[in-house]
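Q: Residue numbers (the working numbering), protein chains in the order written: chain P, 1 to 121; chain R, 1 to 231; chain E, 1 to 263.
Wrong hints could be hidden among the right ones.
To be verified - Below are the DSS-like pairs computed for lysine-lysine, each with C-alpha atoms no more than 30 angstroms apart in a straight line:
| hint | chain 1 | residue 1 | chain 2 | residue 2 |
| --- | --- | --- | --- | --- |
| 1 | R | Lys108 | E | Lys48 |
| 2 | R | Lys108 | P | Lys45 |
| 3 | R | Lys111 | R | Lys123 |
Just so you know, the hints here were simulated from the structure itself, not pulled from any lab data.
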Amino acid sequence: MDFLFDNERPIYIQLVEKLRIEIVSGKLRPGERILSVRELALNLKVNPNTMQKALVELENEGLVYTERTNGKFVTQNDNLIENLKKKMAEEKVNKYLEDMLDLGIDNKEALKYLKEIGGKF
Amino acid sequence: MELLECKNIYKNFDDKEVLKDVNLKIQKGKIIGLLGKNGTGKSTLIKLINDLLTPTSGEILINGKKPGVESKDIIAYLPERTYLDKEMKVKDAILYFEEFYTNFDKNKAVKLLKDLDLDINTKISKMSKGMQEKLQLILVMSRNAQLYILDEPLGGVDPATRDYILDTILTNFCEGASVIIFTHLIADIERILDEVIFIDKGEIVLTSSADELRNKENASIDEIFRRYFKC
Amino acid sequence: MLGKLLKYDLKWIYKVVVIFYILAIIFSIVARVTGEIENSLLFEVISKISISCAISMAVSSLINSLMRSWVRFTQNMYKDESYLTHTLPVKKKDLFNSKVISGAVCIITTMIVILLCLFICFYSEANMEILKSLLELAATTYNTTVLNLLLLVAMVFGLELIYVLLTGYLGLILGHKSNTNKMLKSILLGFLIYSITQIATVALIGIGGLFSGDIMNLINTVEAVNIETIKNVMYMCVGVYFGYSVLLYIIARKQLNKGVNVE
Numbered sequence: 001m002d003f004l005f006d007n008e009r010p011i012y013i014q015l016v017e018k019l020r021i022e023i024v025s026g027k028l029r030p031g032e033r034i035l036s037v038r039e040l041a042l043n044l045k046v047n048p049n050t051m052q053k054a055l056v057e058l059e060n061e062g063l064v065y066t067e068r069t070n071g072k073f074v075t076q077n078d079n080l081i082e083n084l085k086k087k088m089a090e091e092k093v094n095k096y097l098e099d100m101l102d103l104g105i106d107n108k109e110a111l112k113y114l115k116e117i118g119g120k121f
Numbered sequence: 001m002e003l004l005e006c007k008n009i010y011k012n013f014d015d016k017e018v019l020k021d022v023n024l025k026i027q028k029g030k031i032i033g034l035l036g037k038n039g040t041g042k043s044t045l046i047k048l049i050n051d052l053l054t055p056t057s058g059e060i061l062i063n064g065k066k067p068g069v070e071s072k073d074i075i076a077y078l079p080e081r082t083y084l085d086k087e088m089k090v091k092d093a094i095l096y097f098e099e100f101y102t103n104f105d106k107n108k109a110v111k112l113l114k115d116l117d118l119d120i121n122t123k124i125s126k127m128s129k130g131m132q133e134k135l136q137l138i139l140v141m142s143r144n145a146q147l148y149i150l151d152e153p154l155g156g157v158d159p160a161t162r163d164y165i166l167d168t169i170l171t172n173f174c175e176g177a178s179v180i181i182f183t184h185l186i187a188d189i190e191r192i193l194d195e196v197i198f199i200d201k202g203e204i205v206l207t208s209s210a211d212e213l214r215n216k217e218n219a220s221i222d223e224i225f226r227r228y229f230k231c
Numbered sequence: 001m002l003g004k005l006l007k008y009d010l011k012w013i014y015k016v017v018v019i020f021y022i023l024a025i026i027f028s029i030v031a032r033v034t035g036e037i038e039n040s041l042l043f044e045v046i047s048k049i050s051i052s053c054a055i056s057m058a059v060s061s062l063i064n065s066l067m068r069s070w071v072r073f074t075q076n077m078y079k080d081e082s083y084l085t086h087t088l089p090v091k092k093k094d095l096f097n098s099k100v101i102s103g104a105v106c107i108i109t110t111m112i113v114i115l116l117c118l119f120i121c122f123y124s125e126a127n128m129e130i131l132k133s134l135l136e137l138a139a140t141t142y143n144t145t146v147l148n149l150l151l152l153v154a155m156v157f158g159l160e161l162i163y164v165l166l167t168g169y170l171g172l173i174l175g176h177k178s179n180t181n182k183m184l185k186s187i188l189l190g191f192l193i194y195s196i197t198q199i200a201t202v203a204l205i206g207i208g209g210l211f212s213g214d215i216m217n218l219i220n221t222v223e224a225v226n227i228e229t230i231k232n233v234m235y236m237c238v239g240v241y242f243g244y245s246v247l248l249y250i251i252a253r254k255q256l257n258k259g260v261n262v263e
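Only chain P is shown next, with the shape it has when bound in the complex (with noise of 0.2 angstroms):
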């Protein structure tokens, strides 16, 4: 499980990043329930409390949820999820628009290369 940190950046906000797109992925399903903040800090070889730093904060956007005996759960809000995902995807679509553009390359033609290299795939 060994992640690559960008020291240039704080690493809560990469530790966030990572598990959203654990939940969007499905890697981590609905409902079910996440390491404790310890292991999962380990598991990365992070800090504890950076690690409890960034479930703060998936908690707060509500894709994560404590029972407060058993732990820490991924929301089952599907909604949610969804909606993260696509606002992700958004993100991504945008990027890769944006750097094609750079290339001079207009949307377009951009989507063009996408449909025939992608469809390699």
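Got chain P; can you put chains R and E on it based on the hints?
A: Same frame as chain P, now just chains R and E:
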């Protein structure tokens, strides 16, 4: 009450002023990097906290008390040098820790040594320097201490060992305890730090949360450190 | 905690000293056994050599008792190992007491071993008779028992050695307060303390001489040394060395309590 508090610490060696008005507060449950170049008073500060030196003026309090038997019982200290009697075997060193520290977890130490494939019947003088350092780290981290003070734990070791050391620190420090890592090798440890304190020419020049500092400066702590000290 | 500290200190000191004990005893036995064989030049030579070896081993064990105590003190309290010693949850008082007791115990056992060696080498009924009559003469003349007299001699030697041990410890403690040339300063300070106290001893005996003509005689004249006077001087020495030991012990502990200054 702070776990560790340094109040207006001055330390002179003859005419040389090594620490100037150092003020520090360390809370429970944090991993703190005390960062500074070599010869900036880092090791002097560590020795003061561990009662290996006495301050010229000022006061050091651990859980509100001056360094003494009680503070030594809750501080697990890893010095830069090898401090074990080299004539001892590994198992003797374990026994020694078990006899003197009530909070030493023997089983943990034995397990960690097993992971290293280290035979406990080996004489310490027969072990490589790197192995001796690992043994010392294991002994220190096997104590259920409230404050771990680690002096240059990554000094002079290869990258694989660095990972091993960081993992050992991270996986073994007691819940709710604090860890202070004194070092000038920042890149490898910065991801585990809550807070950073820069020390320069005997003075504390910066104290900040690690993530806030990264956010503010838009750079890694290592980068900020290099910029700060222009080295 | 003192017990645990003592265990390690004694183990460390004895690790080498015991070797000298064994050698001294072996040479003594060899000397005795070969000495018993009559009419053989070879065995006589072996016996003589063995006796000198036994004596040199005995002397070495005594020197080693002191040296190893001092070396242990330095390494354990001021060198690399001090980083562990001074961070153990143990009072400084216990650390110091353990060093004093381990050194003193070693000195005492060494004295016993030396006596044992002498006994092995030279014991014979005839020799014992000579010694006994000599001592008895002294004892009966001066209202004391043989045992008392022997005990007094042993106490003078023992206390003197313990005082020398403490001189070394105090020298090391004071020398290591400095930031430079710690070892050199320790040795010089140790010698200085030793010299001052020895001069003071002579001065004290001189003062004793003011009150006792016999002691004055001992100082003034070479001849006419009588046993009574020597006994008085020995009593004085016991008092003086005991006083020094206590004084050095108190100063050393006070100094140590102020904190250490490791490299």
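Q: With reference to the structure, classify each hint as holding or not holding.
A: Hint check:
Our distance criterion of 30 angstroms between C-alpha atoms is broken by Lys108(R) and Lys48(E), whose separation comes to about 59 angstroms. For the hint pairing Lys108(R) with Lys45(P), the CA-to-CA distance comes to about 19 angstroms; that is within 30 angstroms, so the pair holds. Taken as a hint, the Lys111(R) and Lys123(R) pair is honoured in the structure, with Cα atoms around 18 angstroms apart against an allowance of 30 angstroms.
The structure fails to meet hint 1 from the earlier list, while all remaining hints are met.
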